[in-house]
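Between the sequences and the hints, there should be enough to build the whole structure, so can you do that?
In case you want the letters, here they are:
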Amino acid sequence: MSYVRKNDSTKRVETHFFLISIIPLGVVRMPELYRRINMSEKKKTTIVLFSGDYDKAMAAYIIANGAAAYDHEVTIFHTFWGLNALRKDENIQVKKGFMEKLFGKMMPRGTDKMGLSKMNFAGFGPKMIKGVMKKHNALPLPDLVEMAKEQDVKLVACTMTMDLLGLQKEELLDNIDYAGVAAYLGDAEDGNVNLFI
Amino acid sequence: MDVNKVLDAKGLACPMPIVKTKKAMNDLEAGQILEVHATDKGSKSDLTAWAKSGGHELIKDTEENDVLKFWIKKG
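Chains A and B supply the protein sequences, listed in that same order.
Counted the way the working numbering counts, the first sequence spans residues 22 to 218.
Counted the way the working numbering counts, the second sequence spans residues 243 to 317.
Please keep in mind that the hints were generated in silico from the structure rather than gathered at the bench.
Every residue gets a Cβ at the ideal spot worked out from N, C-alpha and C, and that includes glycine.
There could be a bad hint or two in this list.
As the list claims (entries may be wrong) - In silico EDC-like pairs for lysine to aspartate or glutamate, Cα to Cα no more than 20 Å straight-line:
#, chain 1, residue 1, chain 2, residue 2
1, B, Lys286, A, Glu191
2, B, Lys265, A, Glu62
3, B, Lys262, A, Glu210
4, A, Lys117, A, Glu191
5, B, Lys265, A, Glu191
6, B, Lys252, A, Asp173
7, B, Lys302, A, Glu167
8, A, Lys64, A, Asp173
9, B, Lys264, A, Glu191
10, B, Lys265, A, Glu94
11, B, Lys262, A, Glu191
12, B, Lys316, A, Asp92
13, B, Lys262, A, Glu171
14, B, Lys286, A, Asp92
15, B, Lys294, A, Glu94
16, B, Lys294, A, Glu167
What the hints assert, rightly or not - Away from chain A, derived, C-beta distances all over 12 Å, residues of chain B:
#, residue
17, Ile260
18, Asp269
19, Ala272
20, Asp288
21, Leu300
22, Glu306
23, Lys311
24, Trp313
Structure, rendered in structure tokens:
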């Protein structure tokens with residue numbers, strides 16, 4: 022009788038120990054597990070837009086819109102000249118140094134003012150290509166940016182290059198994200214499509 | 243064939259046919275059929291690949307007078 026009781030209590034202790042050891046394991050593993058399940062559900066596309074040329078930015082935004090239609094989570098990380106794609110088209114008064122003012126004057130204010138990477142012909146090239154695009158019903162770049170926003174494409178401005186080029190948040194579009202290389206890599210490391218344009 | 247919705251994407255250039263198809267597909271229930279009309283030459287490859295990736299079924303496609311027609315069943 023006493024023997025049976027003893028055996029019973031050791032069993033109970035064993036089960037308790039088993040439960041106690043398995044609960045933290047589950048709690049620790051759950052977020053990772055959740056992340057993995059989530060990852061397999063939605064694919065990711067990331068694009069680094071380095072170029073500030075109309076044609077190259079157009080390629081980037083066409084791919085971004087296509088990927089969004091593919092139900093991907095899409096991020097466009099704008100750095101260096103690509104930041105100009107995020108500039109508002111009006112002149113915004115912000116406090117700047119001489120070099121920053123000069124940069125601001127020399128760079129295109131928004132996508133519509135960008136030049137072409139080939140056959141720019143001092144600004145005549147973009148006029149020509151916009152005419153051709155209209156004829157073929159291709160969406161102009163500003164509309165592609167709008168469409169991307171509508172499709173919840175994440176637009177990110179690289180803060181380090183914003184400092185280099187003297188661009189400030191006030192001059193860039195509203196509702197965009199600001200980040201650095203680590204945030205980009207965070208998206209890109211589980212990206213299915215990663216491009217540098 | 244019971245078509246639940248018709249999308250006119252004629253005259254639209256890449257990437258619009260796909261973007262519009264995706265939007266139209268969002269309004270449908272699984273098993274319903276979307277009919278797409280397009281003139282973009284690339285849309286055959288585009289829609290075939292898109293349907294496959296999204297788990298939809300491209301039931302039929304035709305081409306007459308430069309108008310491509312597609313019937314896609316939502317997966």
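Going through the numbered hints above, which ones does this structure break? Give me the numbers in ascending order.
Numbers 1, 3, 5, 6, 7, 9, 11, 16, 17 and 20, in rising order.
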